[in-house]
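Q: For reference, the chains in residue letters:
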Amino acid sequence: MENIEKKLREEVRKLLIEKKVDAVIGYEDGTLPLTATPCFIANPDDADKLVWNRFCTQNLAKFVHDLVMQHKESQKRVKPEDRIKKAFGVVARGCTSRSLVIHLQELQYDRSECVIIGVPCTGYVDKKKLATAVNQEEILGGSATKDELFVKTATGEKKIALREVLADNCRTCRFNNPVISDLMVGEPAPPMDAASEYAEVDAFENLPIEKRWAYFSKEMAKCIRCAACRNTCPSCYCRICFAEQSQPQWVGIGDDPSDTQMFQLMRMYHMVGRCVDCGSCISVCPMGVDLRKFLKKLDKDAFELFEHRAGASLDSPAPLSTYKENDKEDFIFNPGGGGH
Amino acid sequence: MAENQAKEGWEPKIVAIVCNWCTYAGADLAGISRIQYPPNVRIIRVPCTGRINPFYVMKALQEGADGVLVSGCHPGECHYISGNLTAKRKFATLKRFLNYVGVEGDRTMFTWVSASEGDRFAQVIKGVTQAVRELGPASKLTKKISDK
Numbered sequence: 209m210e211n212i213e214k215k216l217r218e219e220v221r222k223l224l225i226e227k228k229v230d231a232v233i234g235y236e237d238g239t240l241p242l243t244a245t246p247c248f249i250a251n252p253d254d255a256d257k258l259v260w261n262r263f264c265t266q267n268l269a270k271f272v273h274d275l276v277m278q279h280k281e282s283q284k285r286v287k288p289e290d291r292i293k294k295a296f297g298v299v300a301r302g303c304t305s306r307s308l309v310i311h312l313q314e315l316q317y318d319r320s321e322c323v324i325i326g327v328p329c330t331g332y333v334d335k336k337k338l339a340t341a342v343n344q345e346e347i348l349g350g351s352a353t354k355d356e357l358f359v360k361t362a363t364g365e366k367k368i369a370l371r372e373v374l375a376d377n378c379r380t381c382r383f384n385n386p387v388i389s390d391l392m393v394g395e396p397a398p399p400m401d402a403a404s405e406y407a408e409v410d411a412f413e414n415l416p417i418e419k420r421w422a423y424f425s426k427e428m429a430k431c432i433r434c435a436a437c438r439n440t441c442p443s444c445y446c447r448i449c450f451a452e453q454s455q456p457q458w459v460g461i462g463d464d465p466s467d468t469q470m471f472q473l474m475r476m477y478h479m480v481g482r483c484v485d486c487g488s489c490i491s492v493c494p495m496g497v498d499l500r501k502f503l504k505k506l507d508k509d510a511f512e513l514f515e516h517r518a519g520a521s522l523d524s525p526a527p528l529s530t531y532k533e534n535d536k537e538d539f540i541f542n543p544g545g546g547g548h
Numbered sequence: 254m255a256e257n258q259a260k261e262g263w264e265p266k267i268v269a270i271v272c273n274w275c276t277y278a279g280a281d282l283a284g285i286s287r288i289q290y291p292p293n294v295r296i297i298r299v300p301c302t303g304r305i306n307p308f309y310v311m312k313a314l315q316e317g318a319d320g321v322l323v324s325g326c327h328p329g330e331c332h333y334i335s336g337n338l339t340a341k342r343k344f345a346t347l348k349r350f351l352n353y354v355g356v357e358g359d360r361t362m363f364t365w366v367s368a369s370e371g372d373r374f375a376q377v378i379k380g381v382t383q384a385v386r387e388l389g390p391a392s393k394l395t396k397k398i399s400d401k
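So the protein lines, in turn, are chains A and B. When we follow this note's numbering, the leftmost residue of the first sequence carries the number 209, and every step to the right adds one. When we follow this note's numbering, the leftmost residue of the second sequence carries the number 254, and every step to the right adds one.
The set of hints was computed from the structure by calculation and includes no laboratory data. Built from N, CA and C at the ideal position, the CB exists for glycine as well. Heads up, some of the hints might be wrong.
Claimed, not checked - According to the in silico footprint, chain A covers these stretches of chain B (three or more CB under 8 Å from chain A):
(1) 308 to 321
(2) 332 to 345
(3) 355 to 364
(4) 378 to 385
(5) 390 to 397
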């Protein structure tokens, strides 16, 4: 990891000096021990701030979209001949690169507007799991090796096996290496346990329907509709979100449980074939809602029905914007059979 | 809705969102042919099933529908060439997703009825009403509106 970090800083410095990019989006050390936070690097001297470790959680594609849109907005009132082009570099692991693919497919910006610095990924640490592993004690310091974490708390030092605190989405990740990149830092990472990707969804599908509803309503009852999940999601970039629309008002503003359920159902349904399972929504959720259980189902269906994996390739179109003649029809209600 | 909560005398309330070119004309044919079908259905006409936002289905369930039926042209017969084929993809995932979170599959029905199939339209409405009647009044996802 140190090697990747060193090379990453060099490459970023080079890109900035050669003026190939105007800014680079990466991660820097967080203000608390064992955390990392997104950062923007515009000055080559700041490249040393960059880190790449087990605590880089958020999907940075969100910021690429934000920066490009901000720049486009700023150019709107400039005479066409005076307009300047900008490009943004981004440190991208597998899920980030898939989100970038989705943006490119949805024509949000041009490929020339982003420079993708690919990094191999072997998963990040789930903050909530880590907190549980140290009995919710305050973390005072620590370090990470290849498979272990050493965490210092007020009551002493604890050794934790990394795979115990790895985020669920990372553990079963299918795309831990970038699917597109302009330059790659480090060797490709070994594959994760992608075979059991849908194990959790399969188990949930087999529960009786009342149990499923009970779990869904229990999880949704936790939601305080802060919309952090939406704000961190790279696939959620509408200027006016349905959640705030008033004509029609999709989501009621009362405290009725069905309003919250409707908000989450609608937000999640937007993710058919667009959720890259980066886990950003889960990591920012202040209430610990189990969103992945439901989002992963949409991912599974998109693959089962349309053989589509979100953002896996620039050539496969968004599944709900297209169709095939032989799409499954088994869900169509057909009283008396026959017909066409 | 309030009247759904009192089970005796309950009648299923079904929202049918249908396309202008096929199913709506089919319903019209059922009407002029004097074919009887249950009066539990409220028909909403839209230009094409491809125009139906899946949110409509969820929202109808929240606002008190016991079942939602979406019906359009048979595949290959869409007035706008492919509207119903993209709709098919949306509703395949929507139906599975709602069932996954615990809303019974029979509350959201999708079918095709062409303009010449008045009898099929009546059959579909009978079938959907029967299925929803067996499930009973919807309570999941339904907004509780106070009686006061």
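Q: Could you run down the list of hints and mark each one as holding or not?
A: Cross-check of the supplied hints:
With 4 residues carrying a beta carbon less than 8 Å from a beta carbon of chain A, the region 308 to 321 of chain B meets the three-residue requirement, and the given coverage holds. Given a C-beta distance limit of less than 8 Å, the hint that chain A covers the region 332 to 345 of chain B holds, as 8 residues qualify and 3 suffice. Check result for the region 355 to 364 of chain B against chain A: holds, 6 residues qualifying (beta carbon to beta carbon below 8 Å, three or more required). With 3 residues bearing a CB less than 8 Å from a CB of chain A, the region 378 to 385 of chain B meets the requirement of three and the coverage assertion stands.
Coverage of a stretch by a chain is defined here by at least three residues with a beta carbon nearer than 8 Å to that chain's beta carbons; for the region 390 to 397 of chain B and chain A the count is 5, and the condition holds.
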